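4 protein chains.
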Amino acid sequence: MNEPTIGHRVWAIPEGYIPPESHGPAPEMTSHEAVCVLNASEKDASVELTVYFEDKEPVGPYRFKVPAQRTRHVRLNNLDDPQLIPMGTNYSSVIRSDVPIIVQHTRLDSRQAENALLSTIAFAVNE
Amino acid sequence: MNEPTIGHRVWAIPEGYIPPESHGPAPEMTSHEAVCVLNASEKDASVELTVYFEDKEPVGPYRFKVPAQRTRHVRLNNLDDPQLIPMGTNYSSVIRSDVPIIVQHTRLDSRQAENALLSTIAFAVNE
Amino acid sequence: MNEPTIGHRVWAIPEGYIPPESHGPAPEMTSHEAVCVLNASEKDASVELTVYFEDKEPVGPYRFKVPAQRTRHVRLNNLDDPQLIPMGTNYSSVIRSDVPIIVQHTRLDSRQAENALLSTIAFAVNE
Amino acid sequence: MNEPTIGHRVWAIPEGYIPPESHGPAPEMTSHEAVCVLNASEKDASVELTVYFEDKEPVGPYRFKVPAQRTRHVRLNNLDDPQLIPMGTNYSSVIRSDVPIIVQHTRLDSRQAENALLSTIAFAVNE
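Protein chains in written order, with this note's numbering: chain A, 1 to 127; chain B, 1001 to 1127; chain C, 2001 to 2127; chain D, 3001 to 3127.
Source of the hints: derived by calculation from the structure; they are not laboratory data.
One should not assume that every hint holds.
Stated by the list, open to error - Distance condition first, Cα-Cα at most 27 Å in a straight line; then the derived DSS-like pairs of lysine-lysine:
#	chain 1	residue 1	chain 2	residue 2
1	B	K1065	B	K1043
2	C	K2056	D	K3065
3	B	K1043	A	K56
Stated by the list, open to error - Residues of chain B clear of chain A, computed beta-carbon distances all greater than 10 Å:
#	residue
4	G1060
5	G1088
6	R1111
Just so it is clear, the structure is predicted and the values come from calculations on it, not from any experiment.
We put the CB at the ideal spot given by N, CA and C, even for glycine.
Generate coordinates for the entire structure from the input sequences, incorporating the hints supplied.
Written out as structure tokens, the structure is:
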């Protein structure tokens, strides 16, 4: 499992929207967006996430750790430092890490009675 | 946040189809497709979108701006200059920008009572 | 619109499954998979699609044209030469073209009362 | 069909979550995640899949074969050697093969009455 160079240090996700309503039991079926981060390297990763909006200055960085040889699925709804991401608002995000990681984006949308899902590998920025 | 070279200047999205029916409150749950554009650079972006069809000449360019350090989620349903994109019709789109951007494609489909979603990072054209 | 080199000549889609049941009006809501092909070049494209299975030899090529500056959304359900792709069966596909194209994969699944969607840009093979 | 170099030997999928509930007939509509692997080469592929977690050591490798010129859609729910992947738990996976392959990730989520789908081409690691 010695694969120190899997991934990239900078990733971008243009789509961002946390649906303001939900159906079903919390927290599993609560409408949310997540960034899923895999750190397959041997070194802990310090990750910074910046949020971009349509009509105001970017907010961030939001900081979190992903230990070596671990994954972390971060719900964007739950990030509150420096501030909560407003619901029902279009945004984008850029993720920067000090070690190579891989990032995938997911939304669970339960605004209507039956949930919908979307997902894509984020855009890997070449350095 | 000084990252002037995040992204590409040309992007393509082969899938395109605006469902002609919707369920649920407008405009949130109206069936639509969107291009989500992130401009993480320090310069405003002038973007041109061209729409390709199965049986007629391409239409465009549709023009819009994405200011520096901003995102813009453009509903393709709403573009009307030079003309509306017909609903219930297969199309593709190519996006060109004068500064590097990142593009993601999304559809919300509420033809049936419960909505469905799809999304993917668009195809980044190497220049 | 002079962009002769947008895209790749070989694409792969590992996922393939045509759901054997449907709900809703045909053909729009019939469960199906599609390859959406954009030919943004100035030359007509001759495309060949080969289907791979879990337990038998590949079948193909299926042949179709995508004219210059046109898109084509091909429902895999409808291809019948050399033979129909069986429903309810796992498969993969490889798409080859004589001019560069861009390919996106989509499934509409209406096995249950409310439809679900998936989509991704196909894998672009470097030549 | 002589295309020995289609694909990559290492792939990563940051998202992983097997929903612990299902609606609808088994096994088709059972909530599951799958890795769809295409081996378009002329040589059989030996594949190893490692699973990463948020709070414990990686588990694996899970081993399976994909014969030359074949696809294989592996349900992660069904892998049990060295051990089952726990349901309702966040994970990621890394796939390694001795010949080039292409990998796509899919989830069918039937926790609520109507199923939802997500899919993306996995992240191809450059060697």
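**Request:** Taking the numbered hints from earlier one at a time, note which ones the structure violates and give those numbers from smallest to largest.
**Result:** none
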